Each structure stands twice: as structure tokens, then as C-alpha cells.
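Asks: Same order as they appear, the protein sequences are chains A and B. Using full-length UniProt numbering, you'd call the opening residue of the first sequence number 1 and step up by one each time. Using full-length UniProt numbering, you'd call the opening residue of the second sequence number 1 and step up by one each time.
Simulated from the structure, these hints should not be mistaken for lab results. Just so you know, these numbers come straight off a predicted model, no measurement behind them. Ideal placement from N, C-alpha and C gives every residue a C-beta, glycine not left out. Misleading hints may appear alongside valid ones.
Unchecked claim - FRET-style restraints, in silico, Cβ to Cβ:
hint, chain 1, residue 1, chain 2, residue 2, range
1, A, 5, B, 122, 37 to 45 Å
2, A, 327, B, 122, 50 to 58 Å
3, B, 332, A, 99, 32 to 40 Å
4, B, 19, A, 100, 41 to 49 Å
5, A, 178, B, 293, 18 to 26 Å
6, B, 136, A, 327, 43 to 51 Å
7, B, 303, A, 327, 50 to 58 Å
8, A, 121, B, 327, 49 to 57 Å
One letter stands for each residue in the lines below.
Protein chains: 2
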Amino acid sequence: MTLNDLETPALVLDLDRLEANLDGMVQSLQPHGVALRPHLKTAKSATVARLTRDRGARGIAVATLKEAEYFLENGFTDIQYPVCIVPSKFDRAARLIRNGAQLEVIVDSLEVARSLARYAADQRVAFRVYLEVDCGEHRTGFSAADPAFVGAGETLRDGSHTDLRGVLTHAGHAYSCTDPHGVRAVADEERQAAVIAANVLRTAGLPCPEVSIGSTPTARFGESFEGVTEVRAGVFLFGDLFQAGLGTCGHDDIAVSVLASTISRHPEEHRLVIDAGGLALSKDRSRVESAPDSGYGRILRIDGTALAPTAHVAEVHQEHGEISTRGIPELQDAPIGSRLRILPNHACMTAAMYDRYHVVRGTGTEILAEWDKTTGW
Amino acid sequence: MTLNDLETPALVLDLDRLEANLDGMVQSLQPHGVALRPHLKTAKSATVARLTRDRGARGIAVATLKEAEYFLENGFTDIQYPVCIVPSKFDRAARLIRNGAQLEVIVDSLEVARSLARYAADQRVAFRVYLEVDCGEHRTGFSAADPAFVGAGETLRDGSHTDLRGVLTHAGHAYSCTDPHGVRAVADEERQAAVIAANVLRTAGLPCPEVSIGSTPTARFGESFEGVTEVRAGVFLFGDLFQAGLGTCGHDDIAVSVLASTISRHPEEHRLVIDAGGLALSKDRSRVESAPDSGYGRILRIDGTALAPTAHVAEVHQEHGEISTRGIPELQDAPIGSRLRILPNHACMTAAMYDRYHVVRGTGTEILAEWDKTTGW
């Protein structure tokens, strides 16, 4: 079975690139003595998670409780859910813990800390809890200067079934940077905010064994991890065109792509149409400011080798993608049924649409494995 | 069970609005004596398809062969797949036909018409085939003036197992219009292109019993359907903010919404964060040019009633959505765990992320039914 035999659209994963991306991150963090907790929100795959475990990763992070359930079913127990939990999700989280997960949850308010401490005691289910702090993204998280921050810590310490694990932050604003220099500054903010918050807890006599930070850009470009115990990062496993724009990877490092077939051609108008549209590629254009424009994704040959740098999907409809073939003879002459691969703008959004990966290595088109993954909520 | 008991994010369908949208389209097409073939690419739900059948719809259209398989399993046989078929999909389509589907496929090239005629004869599987024509969108479709158009028709007529059903077109360029007046002009182009193409076939002595056109905007605003046998439209069933911008529906007609919970609040910074982000809402902003800006979706109360017109999701991350509460006291004061509903920019992209609908009626929050749907490829 090769990429020529697959139904299209389909999601292709280049294992050579995935392994190289993973090794790169492991090696880059090693001298800092900081643990890697890979965020599986991008890959959503137990096989990918096992690869990270085999290379010494410390547990995993997930973005939904459904992902947590999937990974627990696949034998992972050290699972962090770094999205603020709310009371309506306590029961589902408690089920995970009763079923064997060492689930770590986060809160960013005194009121949820109190609800959780009460709930955990009432249910006699032990929750591991982090306090989320805001390091400048201004999305979620306490300010460490807010008295509610220490108050929440005390509440969790005092709870009979809550274990205050430490502080956690995420420098999502690194994605607004335009170069590694900017990311480095944000990485420093991220680390400092977490370390300062940890010290606020410790000064107040509270335990804070863990200091968890991370994002792919700050994990990649951070210069110091002093005071940090673990780094979370996810999209680095795959890379994508946004990441390439930020400089965290090159185009040749992007491990995931969408296999598509040409379904209509209009050479006189220099147009091709493929069966990968807004659903298959995602419509995420939020941070695309590259030159040349990569549209809804860059086009590769079926073997993953690069075509002209201008080869991109110019427009998408639900199940159609439009490509301009002007100046690209190989596309201009491609017959109907030709197969192409598309590098995604944002791997998290694209991979989320699929329930499996078709695994290849390098320029090979033989499908070496099919890996399941989870989707949805 | 009410909307307060659901895990979030979740997809909510207001049956009152769905029925009204469906009745409106049926009544609007009735005087023209033209059949409605609902496009189920938006709803992807057998229960929704049955509602359309109960009101006299003629078969269905789908955007993927997986959707065709799902609807066949649910008892639908008159299934049109109006996306250019290619040889690598012949086997899957043939399986559908062998399993009882009266599958209609489309081609827009002489080469695929020839391949299909050969394949159908070799396999002894009868394919119903339309020739797609381009009515000005310049995505897919023959020009009726191209000799290959009649050539493909002859090939299909001459095939022992291909039945030339007629011509089909889609005025996707109606979505570039900014008002009903513009859509009317495009609707006229769409109808004329199809009727002219049908006459080209007939003049050449070819059969053309069917003339299929359609899109939600042109179905809604078209003034004449003379010479047309069926109209395809899909998103009209749900409506969305793009459609409201085009005038094909009002905000109060939008039947589908995403239920979300507030998971973090920062009243001093006038911010709320919900557990519906780029995956739950989709990141489709492609045609949003409304005032006030609807961001990644407009916010309703849990009962579907409107909040301030400025209440919208301003920013999304994978599983987080950010809302500015400035000037909206009801949001500014909303505690963590509050539930909101978000009207989508583009219902097709948003609904595609979910595997079921939670059905309510009007301002009721009781969940009257759970309807399954299909996803993916």
C-alpha cells in the first residue's frame, strides 16, 4: 500500500521528520536539566505519545478531557490538563482519576479552587492541582500579586483531597513575535513570571514542587530554564508553516501533510482543483504573513519533495482547493488524478480533522503504518 | 436533561428555526415548480435529511463519499455527489451503487468521462452522470462552448453503463456579493449557464433530462428557475453569520450554535474566557465584514436569546475563546461556569467538528433529542 492507493484527502505523517523534531527538542532541553512534557493536543495520538515517552518525556499534556480519556485507555497515566477546569467538568475528571489517571488540573480563581477542594473532599477523589499564572498573554491565569492567588493555594493545601502541585504558565503571546529575538524576550517573561509566582507561594509557606512553562516557540528559543521543572510544547512534533514563519522549524522539518488528488484542471486558465478544501486543510490564515504567500498551504510532490516555492493552495471551499499553476510547469501539466501533498498553515487545526495518520518515511511513499488518533470533545 | 447538564463545548440545534428555514425554502421554490435537492454537506445528519424528505425534497446531495455511505446506511438512495469524481474514487462509488444507491456523480473533463464509461462497462455498474458546467465561479466545470463538453456527453451516452442525466452548476461566486441585488444577477447567470449548456447537449442530439443548479444565496434570491429541474442548497437549513451578512437569513433564523462554558474571568480587564476556541467554533473569518465585528461568532444567552449586538468572541486559541465584556454588564458579571451560545460565522465549518446535535426548540433549554451526524472522509 502506497500513497497512490489511499482515498483522498488523507493525513500523512513523515516519521523521519517527527523523530528528528522530537530528538531536536529533547537534545535542546537536556543541558538545562528540565523535563519535557509534550502537549498531545496537536498529535492526539497514543503512538506519537509513546515515541515521546521512549525518549524520556515526562508524562503528557492534553487540551480536552476526551483526549485524557483516550490516552488513559492507551496506558498513559501521568496526564496534565492545562485548561482551567470548571465545576461542570469535575465529574468527568474524577472518573479519570478513579480509573487510574494521575490527572493534573489547573485553576485560575479562588472560587474554582474552593469548589474543587469541596468536591474532592466530598467525593474522596484526590486531585493534583496547579495554579495557572498569566505571564503576559492575558488569556487565563492569576496575577501572582493578586491576594486570591495565595488564597487559592491555601485552599488547595488545606483541602483533604487536593494536592497543590505548583504553578503553570503558557506564553501564547510568543506567537505574536516575528522573529527568534522577540520570542527570546517572551521566553524570559514566561520563565520569570512562573518563578516569581512559585516564590510567592513558597514565601507564603505553601508547597510548590513544580514550575511548568512552555510553548513551542519559547521552548525552542528560551535561553534559561532556571527554576523551571518542566516544559510543555506540542506543535514542535509536527511543525507547520506558522512555526516556519516564526523560525522554530524549516519547511523541510514539517512532518504532517494532507494528501490530495487533482479533480479538475483548466490549463488554459492556469488552474488546478484538488479534493482538499477548507475542512481538509483548515481555513486558519490567522498568522500567515509570509512571502511568497502560502495561502491555505504549500504544495509538495507526493513523495514530500518541494515544488516551486510559489506553489500553494490559493483558495478553499468546503471540499475543493484551488491552485494557480502559472509558472509551475509540473502543476500546469499534471493530469486529473495526480497526487499532491499540502503542508498545513497550522498543524493543530489541520490534524484535528482526521481520525488517523498514514505513516511514511522521508521520500518513501509506502505506507508503513496507520496510527489512530482521537478527535472532538 | 437541559443545556445546563451538557459537557461543553457542544453543538446545539434549534428545531423551530430549522423547520422554519426549511419551510421557507420549500415555499419559496414551490411557485417555480422546481424541485429542492437539499445539500447535506452542512448538516451531515440523517434526521435532518428525513425532515427535508418529509417536506417533499427530492433526494439529497453530499460533498464526500463518506457522507454518501452514511446516508445510504440510513435509508437514503437518491444521492448526488456533486464534486468531480476521479478514477481513484470509482471503486468506492461503485460499492455504493452495488449496495443500492442511485448515486449521481459529476465530471468536468473528457478524460474522466472516458475513464468512467470504460470502468462502468468493465464493472457492469450503472453510473448516473452529470456534466458540470462553469457558470462564472471558475472553480470546476466545463465551458459549454468547449467541444470536449459535447464529447464527454457523447462518451457517456455511448457507454453501456453510463446514463447521462444532464447538466449541473453551482454559483459559488454568489458569496462574493454584498447584497441581494448582486446575488440576483449571479442567480441569473447560474440559471442561464445551465440552460444554455442543456440546450447545447440537446442540439447535439444528447439527452438532458436534468438541469441542476444552486447555492443558498441564488436559491433564495433567484427570480426565475425556467428550464431548471432542481435546486441544490444546504446552509439555508441552518443559516450563519455569513448568510446573515448576505441577507439570506436574519440572526434570529440561525438554527445552530455552540454551547460553551466560561472557564476564566478577569472583570478588571473586561475579559471572559470560554471553552470554545478555534476547533469548537472554526477559525473561518473569510467573509466576515460585518459591523459590529462578529469576530469568531456572536454570543447568545443559554436560551438562545440575543445579548448586546457587540457581544462576540474576539480571539480564539485551540480550545479557548476570548470575549471582551466591556459595555456588556451581563457578561461582565457572569460567574465562572456560566453558559453561553455562540452563533457561527460559517455553519458548514463549525458543524463539521461535531459528531452530534443537541436538539432544543426556541428558547427552551431542555434537550429534546440527540441526533447523530457524520464527519470526515
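Asks: Indicate whether the distance between the beta carbons of residue 136 of chain B and residue 327 of chain A respects the range 43 to 51 Å.
Replies: violated (25 Å)
Asks: Determine whether the Cβ-Cβ distance between residue 303 of chain B and residue 327 of chain A falls within the hinted range of 50 to 58 Å.
Replies: holds (55 Å)
Asks: Evaluate the given range 37 to 45 Å for the C-beta pair formed by residue 5 of chain A and residue 122 of chain B.
Replies: violated (19 Å)
Asks: May I ask you to test the hint 50 to 58 Å on the CB atoms belonging to residue 327 of chain A and residue 122 of chain B?
Replies: Since the Cβ atoms of residue 327 of chain A and residue 122 of chain B sit about 39 Å apart, the hinted range of 50 to 58 Å is violated.
Asks: Holds or violated: the 41 to 49 Å window for the beta-carbon distance between residue 19 of chain B and residue 100 of chain A?
Replies: Holds, since residue 19 of chain B and residue 100 of chain A (Cβ atoms, about 46 Å apart) stay within the stated range.
Asks: Assuming the hint says 49 to 57 Å, is it satisfied by the Cβ distance from residue 121 of chain A to residue 327 of chain B or not?
Replies: With a Cβ separation near 40 Å, residue 121 of chain A and residue 327 of chain B fall outside 49 to 57 Å, so the hint is violated.
Asks: When you take the CB atoms of residue 332 of chain B and residue 99 of chain A, is the distance between them in 32 to 40 Å?
Replies: holds (39 Å)
Asks: Can the suggested window of 18 to 26 Å be confirmed for the beta-carbon pair residue 178 of chain A and residue 293 of chain B?
Replies: Because 24 Å falls inside the window, the suggested range holds.
The earlier numbered hints that this structure contradicts are 1, 2, 6 and 8.
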